[in-house]
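Trainee: As they're listed, the protein sequences go chains Z and E. Position 202 of the first sequence, counted from 1, bears residue number 202 in my numbering, the numbering being contiguous throughout. Position 10 of the second sequence, counted from 1, bears residue number 1010 in my numbering, the numbering being contiguous throughout.
Certain hints may be false.
[What the hints assert, rightly or not] Derived pair list, reagent style DSSO-like, types lysine-lysine, alpha-carbon separation capped at 30 angstroms:
id, chain 1, residue 1, chain 2, residue 2
1, Z, LYS345, Z, LYS510
2, Z, LYS188, Z, LYS125
3, E, LYS1088, Z, LYS510
4, Z, LYS240, Z, LYS188
5, E, LYS1088, Z, LYS473
6, Z, LYS192, Z, LYS510
Don't read these hints as lab results, they were simulated from the structure. Quick caveat: nothing in here was measured; it's all calculated off a predicted structure.
Residues per chain are reported as follows:
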Amino acid sequence: MTSEQKSQVPMGRLYGFLLAFLLCSVALVARAVNLQVMETEFLQGQGEARFMRVVEIPTRRGNIVDRAGEPLAVSTPVDSVWVNPSELLQTPEDIEPLATALGLDADEIERRLNQRSGREFVWIKRRLHPDVAAQIESLGLRGVYLQKEYRRFYPAGEVAGHVIGFTNIDDVGQEGLELAYNDWLQGKPGSKRVIRDRKGRTVEHVEVIREAEHGHELRLTLDRRLQYLAYRELKRTVLKHDARSGSVVLLDIASGDVLAMANQPSYNPNQPSQDTDGLRNRAVTDVFEPGSVMKPFSVAAALEAGIVGPHTPIDTTPGTINVSGHTISDHHNYGPIDVSMIITKSSNVGATKLALQLESEQLWSLYDRFGFGDVTGVGFPGESAGVLRNHRRWRRVEQATLSYGYGLSTTTLQLASAYAAMADEGRMRRPSLIQGASNPVVSVLDPQIARDVAEMLETVTGPEGTGKQARVKHYRISGKTGTSRKASAAGYASRYVATFAGFAPSSNPKLVAVVMIDDPSDGQYFGGAVAAPLFSTVMEGALRLLDIPPDDFDGVLLQAAADDAMGDAEEDFDGGVR
Amino acid sequence: MNARIFSILILLVTVIVSALGVVYTRHESRGQAVLLGELESDRDAIIAEWSRLQLEQAWLADAGQVEAQAREELGMQEPTDTRILVVKK
Chain Z
1 MTSEQKSQVP MGRLYGFLLA FLLCSVALVA RAVNLQVMET EFLQGQGEAR FMRVVEIPTR
61 RGNIVDRAGE PLAVSTPVDS VWVNPSELLQ TPEDIEPLAT ALGLDADEIE RRLNQRSGRE
121 FVWIKRRLHP DVAAQIESLG LRGVYLQKEY RRFYPAGEVA GHVIGFTNID DVGQEGLELA
181 YNDWLQGKPG SKRVIRDRKG RTVEHVEVIR EAEHGHELRL TLDRRLQYLA YRELKRTVLK
241 HDARSGSVVL LDIASGDVLA MANQPSYNPN QPSQDTDGLR NRAVTDVFEP GSVMKPFSVA
301 AALEAGIVGP HTPIDTTPGT INVSGHTISD HHNYGPIDVS MIITKSSNVG ATKLALQLES
361 EQLWSLYDRF GFGDVTGVGF PGESAGVLRN HRRWRRVEQA TLSYGYGLST TTLQLASAYA
421 AMADEGRMRR PSLIQGASNP VVSVLDPQIA RDVAEMLETV TGPEGTGKQA RVKHYRISGK
481 TGTSRKASAA GYASRYVATF AGFAPSSNPK LVAVVMIDDP SDGQYFGGAV AAPLFSTVME
541 GALRLLDIPP DDFDGVLLQA AADDAMGDAE EDFDGGVR
Chain E
1001 MNARIFSILI LLVTVIVSAL GVVYTRHESR GQAVLLGELE SDRDAIIAEW SRLQLEQAWL
1061 ADAGQVEAQA REELGMQEPT DTRILVVKK
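Please model the entire structure based on the sequences and the hints provided.
Mentor: Here's what the structure looks like:
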C-alpha cells in the first residue's frame, strides 16, 4: 500500500462520513437541549415523583379538662397494625403467628387479604394494647406494619360520659361535646414534602407545605369532684327507688356555669355500647312535665300582675276546685291559707285560683321569659326545647293546670336555669358548659318579686313545708318539691316523676340544683321523699367542696361551741378516732 | 492579557469555593434535618408519655378510688361538728 493508494479513497465518502458524524452530534446536542430546556419540567417532576413524597403531619386531638384543669378526655398514641397483602401473601405461613398474637382467626385474615390482594394497605387490627404491639414488632414479619394512631381515653368514665360523649375509631366526635366541639378539638393535619430513599426512609425534609394545627384544649365548667358526687348520689337514689332514669344538674348562679350534670342510666365512653338508651344526656335532651316545681313561677306571675301580695289570703276549702268540668284537688284540704302557703304546702287549688285571675298572656309571658319552651343555648347537641304552647291556644282548664306544672314540658337544665334566675333576683343567664362563654344577663323579673318568691321557697324546707328532707345542716335552703303523674296513651298513669329544684344558701344564693327522678317504683314517689334527700346530699357536698360558708356562720360557731362545752369534754382532738 | 487571565482565575476560584459552600451547606442542612426529625420524634414521645401520665394520674386520683381508700383502708370519716376547729384571723 502506498500513499497514493490512500489518496485514492474518494473524498466524497470522507465528507459523507464527516457529515454523518456531524449530524449525529447535532442530533445529540439538539436532544440534550430539548431535554434540558424544553422538557425539564416534565422530567424533573417525574424524577421527583420517584423519590419525593408528601407525607401527612398528624395532629393530636385536644384534651377536654374540667374547670380546674383535671383531664376528662385525653388522646394518647397507640399502635394499629396494617399489612401489605401482596407482600404478606408471598409467605402465607406468616399469617398464623400474626393471627395468634392478635387473637384473630388466621383463615379469616387470609380470606380478607386474598379479597384485597390488589391493594397495598389493609388494616388488620386497630388500637392494640401496647404489649401486643411490642409482640407484633418482635415477630418482624414481612409486609406487616405498625402505624401510630391516637386513641381517646376518658378517665372519668361513666361519671361524665353524657356530657363529654365519645369519638369513633377515626377520632371524630360522635356524641356530646366531642361532637359539638369537634372542629375545635380536632385540629388540621399538616403536610410536608420529603425525599425518601429506596427503603422508604426519609433522608431529607424539603419543605413544610402546611404546618399541622393541633387540636385545642376544651375547658369545661364542670367540676370533677362535684360531677362525681352528683353521679354517685344519683345512681344510689335511682337504684334505691328502682327508678327508670334520673338527672341532676348543679349550676353556679353568678356565672351560669354548669358545675355538674349527671344522668342515669349511663355508659362508659371508653367502650361505648350500641345500647342507645343510656347514651342520652337526659338532663338536656329529655323533657317531662315538671309538676309543682312550676308553682313559684305562676305565683310570680300573679305577684307581677299585682293581683295579690305575698300574704294575701286565699281560701282553698274544700281542697278541690272545678274548672270547666275538671276537678283539681290538693292532697289535703289546706283551708284558708295565704299566697306564700301555696308554695309551702304545694296547693294546686291555690295556684289554680291565682292563675284563673290572670290574663293567659301574663302567665305565658312569665314562663316564656324564664326560658320555658325554648332551648337554653347551652350548645349541647340534641338539646330539647320543651313545649310551652302559645297562650292564644290555651283553654281555661289548661291555664289552670299550667299553674301547677301540667300541660308544658321542660328539661332538667331549663328548670335549673329558671331557678337560678329566680334565686338571683330575676337575672336570667344562659347556662354554659364551656369556660369563657359569654353569658349576658337579662333581667326577666322585678327583683322585689323574685325576692318574695325566694322567701316563699325557703318555707318549703321549713317546719310546715313539703321539702324538709332537702335540708342541709347549718344552711338555709330554698326549693320546691314536685311530683307529677306521667301522661300515657290512656291518660295519666300511676307513674310519677319526682323532682326537687332549689338553691342555697338562702341568704345569698350561690348554687342551684335540680333533681329529677323518673318513675320511682318502690312505693315512694313524692318529690319530697325521693328527690329532696338527693338534693340535700348533693348540695351539702357542693357547699362544702366549694367553701361556701353557712348563712349564719357566727351562729353556727356559737352553737358548736355550746355543744362542745355541754357534750363530751373528754373528747380528745389528737386521739383521732373516737 | 494578564489581567484577563487573572480575573478568570479569580472567577474560577470563586466558583469552586461557592460550589464547596453549596456542598457544605447541603450536607449541613441534611444533618440538621435529621436532627430535627429526631427532636420531633423525641417531642412526640414526650407528649405521648405526658398524656399517659395524665391518664394514670387521673385514674389514681379518681374520686371514687380516693374515697374508697380513705374510708375502707384508712378508716377515715367526715368530722362531726364538735370535731371541727374553726380558726379565725
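Trainee: Does each hint hold? Answer for all of them.
Mentor: How the hints compare with the structure:
1. Z:LYS345 x Z:LYS510: Judged against 30 angstroms, a Cα distance of about 25 angstroms means the pair holds.
2. Z:LYS188 x Z:LYS125: Roughly 25 angstroms between the alpha carbons, so the hint for LYS188 (chain Z) and LYS125 (chain Z) holds.
3. E:LYS1088 x Z:LYS510: OK: LYS1088 (chain E) and LYS510 (chain Z) at ~23 angstroms, within 30 angstroms.
4. Z:LYS240 x Z:LYS188: Answer violated: LYS240 (chain Z) to LYS188 (chain Z) is near 47 angstroms, above 30 angstroms.
5. E:LYS1088 x Z:LYS473: Satisfied, since the Cα-Cα distance of roughly 21 angstroms is no more than 30 angstroms.
6. Z:LYS192 x Z:LYS510: 52 angstroms, violated
The structure does not agree with the numbered hints 4, 6 stated previously, though it agrees with the rest.
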